[in-house]
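S.K.: As a plain string of letters, each chain reads:
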Amino acid sequence: MNSIHDMGGMHGFGPIPIEENEPVFHHDWEAQAMALRMVMGAWGKWNLDAGRHANERLSPQQYLTLSYYERWITSLADLTVEAGLLSVEEIDAGTPRGKHDLGRNPINAEGVLNLLRKGRPAARPVNEPPRFAIGDNVRAINFNPEGHTRLPRYARGHKGKIILHHGGHLFPDTHAHFQGECPQHLYTVEFAARDLWGPQANERDVVTIDLWESYLEPA
Amino acid sequence: MSGDHHHHDDHDHDHHHHGSVTHSHLPSDPALRVKAMETLLTQKGLVDPAALDALIDAYKNRIGPQNGAKVVARAWSDPAFRTALMADATKAIDAMGFTGLQGEHMVAVENTDETHNVVVCTLCSCYPWSVLGIPPVWYKSEAYRSRVVIDPRGVLREFGVDIPETKQVKVWDSTAEIRYLVIPQRPQGAEGFSEEQLAALVTRDSMVGTGLAKQPGA
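Read top to bottom, the protein sequences are chains A and B. Residues in the first sequence are numbered consecutively from 1, following my numbering. Residues in the second sequence are numbered consecutively from 220, following my numbering.
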């Protein structure tokens, strides 16, 4: 979706907020928000891409007003309600109507440490041979889906070159909407900065973007 | 600001929301907002508080840039490891015990005399958590995400890194589950250093590409 999260190339956000000796978390609630989001994700009621899309579905005004961890906790509440794990009425009341009926216990400390070690690999086998090879010239398609996508606006319609092939990876555009993993070949595509931004860019500079096969056409 | 006018009719995962369905139902103060969710989810039996503590402890005390620094130090001092890292970073990093969540698929990119690499995620804030830990505020900021792709040299100057016009800047926008680790150039004057001494020269920012490795004795 063409919303504010897709901000590559925008102007006006000011200087980079660099902080010397920055703590891991600035407030305890930030750590709690991170942890709540991750342990709730472990129920498997939504996936990483659906979680990212929940952040994108905040209105642009909300997105820019909320800090990073405020976005996390707000979209967690949205995901939890959409998954039927909590109701808006329970949120309003501040107390739940009884316990959940999922028939198992939430992830425990050992489960969390196991998740941190093993992660959630996104690589998947793909039956079709890759359409592109390293060195091929490609063009990022021009499209404007209303749903989740990982093809940033600033690359759409531009020519680039395949520099890495990562094999098959599950496809966020379907996965985020619970329409299946639909794995595709994933490539890293290098774009000349001048092709993306015009003559103000240094002629040597490049931007690389990780793009799925259906985002690309031969060029 | 209210975003709740659709909450009663639209709980599907389609594209018709105009913002959060719960935003106006939660306290506006962030600490209270998080506490409200934590209380609800814990009382509902959906969250084990010990799991929260374990996660926070891991990212506060074990999983951080000190892990990535060990990878870089080994790459600097062990040519066979460097070759393995550049060929298959996931496997080489796994052999050091640092594979994990948000580091499942790693690629190492090496700074050279010709090219300076810098990493961003313009669409959200993807970051190699398993080797660098929780991303800093600047990495997640709108300013960094919007600007580093269009004006990388200007952004790097704000970090005190001046890249000569004749050197290439390569910006890696992490749009998939590939996580990039920048291998900074080894500083002069660190000959004969142990891996441990070398690791102390490797800053978090140097592994994202917004900094350089520290000079010995600096």
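These are calculated hints, taken from the structure and not from any lab test. Do not rely on the hints blindly, as some may be mistaken.
As the list claims (entries may be wrong) - Label pairs and their calculated CB-CB ranges: (1) A:42 x B:297: 35 to 43 Å; (2) A:120 x B:306: 21 to 29 Å; (3) B:332 x A:200: 46 to 54 Å; (4) A:104 x B:416: 46 to 54 Å; (5) B:298 x A:163: 21 to 29 Å; (6) B:373 x A:124: 50 to 58 Å; (7) A:200 x B:262: 40 to 48 Å; (8) A:142 x B:269: 44 to 52 Å.
What the hints assert, rightly or not - Heads up, simulated DSBU-like pairs for lysine-lysine below, C-alpha to C-alpha not over 30 Å straight-line: (9) A:118 x B:263; (10) B:254 x A:118; (11) B:263 x B:279; (12) B:433 x B:359; (13) B:263 x B:310; (14) A:118 x B:359; (15) B:386 x B:359; (16) B:310 x B:289; (17) B:433 x A:159; (18) B:310 x B:279; (19) B:386 x A:45; (20) B:254 x A:159; (21) B:263 x A:99; (22) B:289 x A:118; (23) B:289 x A:99; (24) A:118 x B:386; (25) B:310 x A:161; (26) B:254 x B:359.
Note that the coordinates shown come from a computational prediction; the quantities given were computed from them, not determined experimentally. We put the beta carbon where it would ideally sit given N, CA and C, even for glycine.
S.K.: Below or equal to 30 Å on CA atoms is what counts here, so check residue 263 (chain B) against residue 99 (chain A).
M.R.: holds, 4 Å
S.K.: Between the alpha carbons of residue 386 (chain B) and residue 359 (chain B), is the straight-line distance 30 Å or under?
M.R.: holds, 27 Å
S.K.: Is 50 to 58 Å a correct range for the gap between the Cβ atoms of residue 373 (chain B) and residue 124 (chain A)?
M.R.: This hint is violated: roughly 39 Å between Cβ atoms.
S.K.: Is it true that the CA of residue 310 (chain B) sits at most 30 Å from the CA of residue 289 (chain B)?
M.R.: OK: residue 310 (chain B) and residue 289 (chain B) at ~15 Å, within 30 Å.
S.K.: Quickly compare the C-alpha distance for residue 263 (chain B) and residue 279 (chain B) to 30 Å and report which way the hint goes.
M.R.: At roughly 27 Å apart (the allowed maximum being 30 Å), residue 279 (chain B) and residue 263 (chain B) satisfy the hint.
S.K.: Please work out if residue 254 (chain B) and residue 159 (chain A) have their alpha carbons no farther apart than 30 Å.
M.R.: violated, 48 Å
S.K.: Between the alpha carbons of residue 254 (chain B) and residue 359 (chain B), is the straight-line distance 30 Å or under?
M.R.: holds, 23 Å
S.K.: Quick check on a hinted range of 21 to 29 Å for residue 120 (chain A) and residue 306 (chain B), using CB atoms only.
M.R.: holds, 24 Å
S.K.: Check the hint pairing residue 289 (chain B) with residue 118 (chain A) against an upper bound of 30 Å on the C-alpha distance.
M.R.: Satisfied, since the Cα-Cα distance of roughly 20 Å is no more than 30 Å.
S.K.: Per the hint of 40 to 48 Å, is the separation of the Cβ atoms of residue 200 (chain A) and residue 262 (chain B) within bounds?
M.R.: Since residue 200 (chain A) and residue 262 (chain B) have Cβ atoms about 56 Å apart, the given range 40 to 48 Å is violated.
S.K.: Could you say whether the range 21 to 29 Å given as a hint is met by the Cβ separation of residue 298 (chain B) and residue 163 (chain A)?
M.R.: holds, 24 Å
S.K.: Are residue 118 (chain A) and residue 263 (chain B) close enough, with their CA atoms no more than 30 Å apart?
M.R.: Since the Cα atoms of residue 118 (chain A) and residue 263 (chain B) sit roughly 28 Å apart, the hinted pair holds (cutoff 30 Å).
In this structure, the earlier hints numbered 3, 6, 7, 13, 17, 19, 20, 23, 24 are contradicted, and the remaining ones agree with it.
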